[in-house]
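Assemble chain G onto chain X, guided by the hints.
So the protein lines, in turn, are chains X and G.
With our numbering applied, the first sequence covers 1 to 335.
With our numbering applied, the second sequence covers 336 to 650.
No lab work stands behind these hints, which were simulated from the structure alone.
Just so we're clear, the structure is a prediction, and the values are computed from it rather than from any experiment.
Just so it is clear, CB atoms sit at the ideal spot from N, CA and C, and this is done for glycine as well.
Among these hints, one or two may not hold up.
To be verified - Stretches of chain X that chain G covers, calculated by requiring three or more beta carbons in the stretch to come under 8 Å of a beta carbon on chain G:
| no. | region |
| --- | --- |
| 1 | 61-69 |
| 2 | 92-104 |
| 3 | 159-172 |
As the list claims (entries may be wrong) - FRET-style restraints, in silico, Cβ to Cβ:
| no. | chain 1 | residue 1 | chain 2 | residue 2 | range |
| --- | --- | --- | --- | --- | --- |
| 4 | G | 608 | X | 259 | 51 to 61 Å |
| 5 | X | 72 | G | 541 | 14 to 24 Å |
| 6 | X | 108 | G | 557 | 22 to 32 Å |
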Amino acid sequence: MEPVQLGIYKCSQPECSIQTTGKCVNGLEPKDCTNKLDIIKQDEKTLHEEFGSTFGTEDVRLPWGESYLEPEISHLTYQYNCRLILVIGEPSCGKSTLYGALFDSFHKGGCGKFIFSSTKTPIGFERICHYAREKCKGKQSNTERTKSHEFTYLHLGVRQKDMTNETQHLIFADVSGERFQTAKVSDDEMLSLQVLKRADNIFFLADGGLLLDNAQKHVVKNDISNMITRCMQNNMISNSQSCALIVTKWDEITSMGKQADIENFFISPILKKFPGILNKAIVIASRSTNDDIPPGTGLSEFLDECFRDVDQTRALNKEAPFAREYQRFKYEERT
Amino acid sequence: MTNDHNKILMLGLPEAGKTSFLAALVQYTAAEIDDKTLTQYKLSSNTAYINLIHETWLKGLRQERTKIIATQNSSTVAELYLQEEATGERFILNIPDFFGETFESQFNDRLIGVNYLEQIKESSGILLFINPQKIRQPVLIDDISSALFVAASMDSAVSESGDSDTKDQGQIAMDNAVVAIRPFDIEEVPTQIILVDLLETHLSFLQKMPLHVGIVISAWDTVIEQDSNLSPLKWLEISLPLLYQYLISNFDVINFKSFGISAQGGDMGKPEVARKLLSYENPVQRIIVHEDDKTHKNIASPVEWILSQWQKRQK
Chain X
1 MEPVQLGIYK CSQPECSIQT TGKCVNGLEP KDCTNKLDII KQDEKTLHEE FGSTFGTEDV
61 RLPWGESYLE PEISHLTYQY NCRLILVIGE PSCGKSTLYG ALFDSFHKGG CGKFIFSSTK
121 TPIGFERICH YAREKCKGKQ SNTERTKSHE FTYLHLGVRQ KDMTNETQHL IFADVSGERF
181 QTAKVSDDEM LSLQVLKRAD NIFFLADGGL LLDNAQKHVV KNDISNMITR CMQNNMISNS
241 QSCALIVTKW DEITSMGKQA DIENFFISPI LKKFPGILNK AIVIASRSTN DDIPPGTGLS
301 EFLDECFRDV DQTRALNKEA PFAREYQRFK YEERT
Chain G
336 MTNDHNKILM LGLPEAGKTS FLAALVQYTA AEIDDKTLTQ YKLSSNTAYI NLIHETWLKG
396 LRQERTKIIA TQNSSTVAEL YLQEEATGER FILNIPDFFG ETFESQFNDR LIGVNYLEQI
456 KESSGILLFI NPQKIRQPVL IDDISSALFV AASMDSAVSE SGDSDTKDQG QIAMDNAVVA
516 IRPFDIEEVP TQIILVDLLE THLSFLQKMP LHVGIVISAW DTVIEQDSNL SPLKWLEISL
576 PLLYQYLISN FDVINFKSFG ISAQGGDMGK PEVARKLLSY ENPVQRIIVH EDDKTHKNIA
636 SPVEWILSQW QKRQK
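Next up, chain X with everything else stripped away, as it sits in the complex:
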């Protein structure tokens, strides 16, 4: 096999070592890496030779279509008045499945009162949907994208079916569960998560499947409680932000007839513990094998909540001041 020349390739994934080792973050050759869109040859002429130029000799690079990285996010926030949505939860608690199911709902014809309007990250969404679908099949992998990035952002533009307002733009922060796992136990780590302060909506996500397990349910409750407490302790969330609790896998909970138990053990106590912080609890079944709980249950409520307290006249104003605030923000570097 011909050796890969070092320094020729580069990758948009910050942790990828392709430039220095010739192998991608998953240990694959550039031609074998499934994230081939992220990997480019630094010499544009060579790039054309490899992928083939179909239009002509001079090509213009289009936006990647993948999830945005932090330095790229200003391209969006300059263009649109966006709301930043953050879903926090433990690793493998179902964040990706939630995003995947939300995007899937538009593949079927809309989500609640909203219809699809645009996305600048179609490949990013399809990638996350793909892994969510694979996970549904019970497959496991350590090589998925979410774990190779700390922060990536997905863009979704939606419009109300009645067309009474302009397209509203959401940016979903896709943050690795591991990062929040460490933040939950350390003030320093928590303070480095400036994304919390910038988010318009924060959702604390609990794995409903684990809440059904007597050996796990106390841990889940404790984790969520600690996370919110540490956020508050470090002034990372404020009353101006909209926060809510999400319980996933509601279909499994319903199948076992445990709705009241989960309500009494988890939902009510957590809401009572953080009055003024948590607005509400949303139960979600991204997928469902329970005939009484339609797949996608709770997704429209989740989307509605993303627009809680949004002044529609403000949404119509393209010059809203917070669009400029995003442009200035910069997450603190981890030390």
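Below, chain G alone, put in the same frame as chain X:
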């Protein structure tokens, strides 16, 4: 009487029906037909490509892939000198026939040619071709959950029937499935995602809004075989809901109209269909156009619609 250039771009993934449409359009504009709104008043200076696809269409043969024809011809641009019968207005219609792989790789490789960008800026509108038989539908999380639920139910039924060997094999298959996650493959992205992205790209480079888009659902004969009452717009809503939502919700920047078109009138691969279609005295009779709940033979109607929208804007 004015003499103006109008450029209409044809977009579509491979085998979407672009070349067949163009060939039938050439036939329509050249043919002697009553009540025609557009007529050809002059032949273009180079008709090698047009003649080739036109002849193929007349013979009822399957069009060679444009990619193959392009390697044998220097130009795959159709240049039609047209006159609007009602007003006498003359214009030159330029329709470059890009091969479908161009658009597929635009999505996959995220590159667009400088020359093509110029064409976008100069265009009066777009004809977006969709072949109902070439749609890659998404496999949704629901679909997988339902399939697994059915599989589990069947396993359970087998188990209850006491067929332990079959159950064991089913269990082994399930266990094997847990082994590895399949990597994401961009070439499996659903068709509607690619089409939305193509339109987004065109919108982002367009200098004048709105973008006029004629949605041409090709091989319409195959759709009406299943449901003769279906309108092109309804088909779009049912078959490509994400694209439909995109078009509806961007009404302020995209002005679209849908057409169901069968340029050949049927599957020429079936001898009995081919015999019937080729027996028409006037080949235009083969054409099926479904527009506004009406069926007619005017294959130029998507072009006429774009030009009318363009003219409205000019006024």
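Review point. Any of the earlier hints contradicted here, and which numbers?
Key: No numbers; nothing is violated.
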